[in-house]
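Peer 1: For this one, chain C is given, so just place chain G on it according to the hints.
Residue numbers (our numbering), protein chains in the order written: chain C, 1 to 366; chain G, 1001 to 1324.
Any given hint might turn out to be false.
Once the Cα atoms are required to be at most 30 Å apart in a straight line, the calculated BS3-like pairs of lysine-lysine come out as [said to hold, decoys possible]:
no., chain 1, residue 1, chain 2, residue 2
1, G, Lys1051, C, Lys186
2, G, Lys1195, G, Lys1223
3, G, Lys1051, C, Lys153
Note that these hints are calculated values from the structure, not bench results.
This is what each chain is made of:
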Amino acid sequence: MSTAAQFDIQYRQYLDPEGRFLPEVDPATLPEFTRDPAELLKMYRMMVLVRAFDTKAINLQRTGKLGTYPPAAGHEAAQVGAAAALHAEDVIAPVYREIGTQMWRGVRMVEILRYWGGDEAGNDFVNTRHDFPWCVPIATQTLHAAGAALAFKIRNQPRCALAYIGDGGTSEGTFYEAMNVAGVLKLPVIFYVVNNRWAISTPLCQQTAAQTLAQKGIAAGIPGIQVDGNDILAVRHVLEQALARARHGEGPTVVEALTYRLSDHTTADDASRYRSASEVEQGWAVEPMKRMRAFLQHLNLWDEAQEVAYRQECNLLIEEGVNEYFATTKPPVTAMFDHLYANPPKRLLDQRDEAVQLSGAKSLHG
Amino acid sequence: MAELTYRDAVARAIAQEMERDPDVVLLGEDVAKAGGVFKATVGLYEKFGPKRVRDTPISEQAFMGAAMGAAMTGLKPVVDLMFADFAAVCWDFFANEFPKSRYMTNGQVKVPLVIRLANGSARFGAQHCQSVENWCMMIPGLKVVVPSSPVDVVGLLAASIRDPDPVIFLEHKSLYAVKGEVPDGEIVDTLGTAKILRPGKDATILALALMVPRALAAAERLKAESGIDCEVIDVRSLLPLDTRTILESLSRTGHLFTVEENPRLCGWGAEVVSIVADEAFYDLDGPPVRITTPHIPLPPAELEDLLIPSVDRIVETVRRTLTA
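Chain C extracted, bound-state conformation (with noise of 0.2 Å):
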């Protein structure tokens, strides 16, 4: 008997969650922008938005003002290092917890705010057109993406898709579909998997007996690795090499960030219901913004003062974005008619008309 194929899976994290490197980490080995105070600065910052906004999300959606709503808790730094590791002309195919990527892309707050407030035309960016929607149906993104990274390999297009997925997605038979055909054609495409340990109630345990999501691409002939996605730094540099792979024709990567959910699913969830205190209170010790937070006060980058005024200039930008929210008009009654088709068929025009005769009876009557 001999060996036949042998796989493994490396595991990256560089700092502890103490903000410190890793003793066996030589930082002088890491990337430039580990070194770059801009670059630092903006992925910290970004994380402190996200993390005010999201909070601000939550409060509306228990003040009646939002509908339910995916607390993105915990995943700032898996979703920013991901948002710096992409360029511009990449494509997203994001599911519905990605605001810190999509934010720093260029997605505006009231867009956010208008599509969870069950608007959406919230899911008409304007800024980030070529970027795509939030896909709420699990895993059917992966081959959105996976079809993007074709049509650029069609194009010679120098750009990279980055499919989202959760740890619970990647039970789906469209993910193992979608990890075949990017194999197979070598497709510029990395699919992201962010494991954030929960897929609703149901833990990972119950997930998979696969002992790392890194590994689901090794059937698929990809490979696979994991980080620590409450680094924001390996994060990043990770995403980084993978998307430089796919870039040169190498193919595809999958990569899987280790988190944890620190809130709840989405706001009509009650995770205490399934999960102990005491493992929550785990994932708020090894939490990313206090890893960086502390990571640039080692380097006297940061400051309690910068902190304080910065959170306050957040505060303000979120109040904007509300606002702006909150004075989105209603649509019209057609405006459910519109954009089924291009051109729509007459027979649905005339069924437009008949819901606007209705809406218009309805009002008469209070």
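Peer 2: Same frame as chain C, but now just chain G:
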């Protein structure tokens, strides 16, 4: 003018559009060197090369989803799903993905693609011979096109490829070998238009795909044997549906027959009859009659012929109804 088979018409339409627009690509299982399992894409790989004519793994969700992602990025994929029955394997994309993306993004995301399905009876049994046009017709956001002749294949497939929205293009397996005259040069038809193939004054017969030649043959026999003069309309497109042509014909004839290969419940004819009841009830001189396959899976091989509407059955039903 050239005589082309229905299957050659498919390749001609795709070639016409690929020559015109570099964004048009062809994806599917066995579409490249093999030329498609129904030989409807022969020559395209040789002409346009492996970049634009691509074989995919046996992975229906993968190439439906990837075609959608490519369309969202600006390509115009034509996707060969092989047997129409396989739509069920990747139905998520038909029902939840293709038709809703433009709608759910306020028009930001466009999905200009064509899914080609080999539809209908051809003695391959219950899982490879279904007529799935009514599955597709019930989904808002799709367009559903069902050609019956080579010239219509060219014109309607070209129009489907140029359409900015997802189009389900149902080719009939038993028509692939049928020949017809196709004019030279570029042909582009209009989606959502029915065609009166035989004018008549006594009854309107609506038919689709393989049922069209049967309805025409039945009309000739009815005229010859009973003096009944039927108007035969090829519906060609279920979504959009050309109700103007249908209702206008009915207003002249007063009698309506639909000839449907799909199983009876919720077949396209049921929708047409519903529209007629709603909008043209007083044009009717008798009850509308649907001639369909019973609501059962298709049995194998020859038994198929007993169930699917035949020329005899159309003749008998129309004669019985009109002479009652």
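Peer 1: Is the Cα-Cα distance between Lys1051 (chain G) and Lys153 (chain C) 30 Å or less?
Peer 2: 9 Å, holds
Peer 1: Checking one constraint from the list: CA of Lys1195 (chain G) to CA of Lys1223 (chain G), max 30 Å. Satisfied?
Peer 2: 20 Å, holds
Peer 1: Mind checking the alpha carbons of Lys1051 (chain G) and Lys186 (chain C) for me, to see if they're no more than 30 Å apart?
Peer 2: 13 Å, holds
Every hint, counting from the list given before, is met by this structure.
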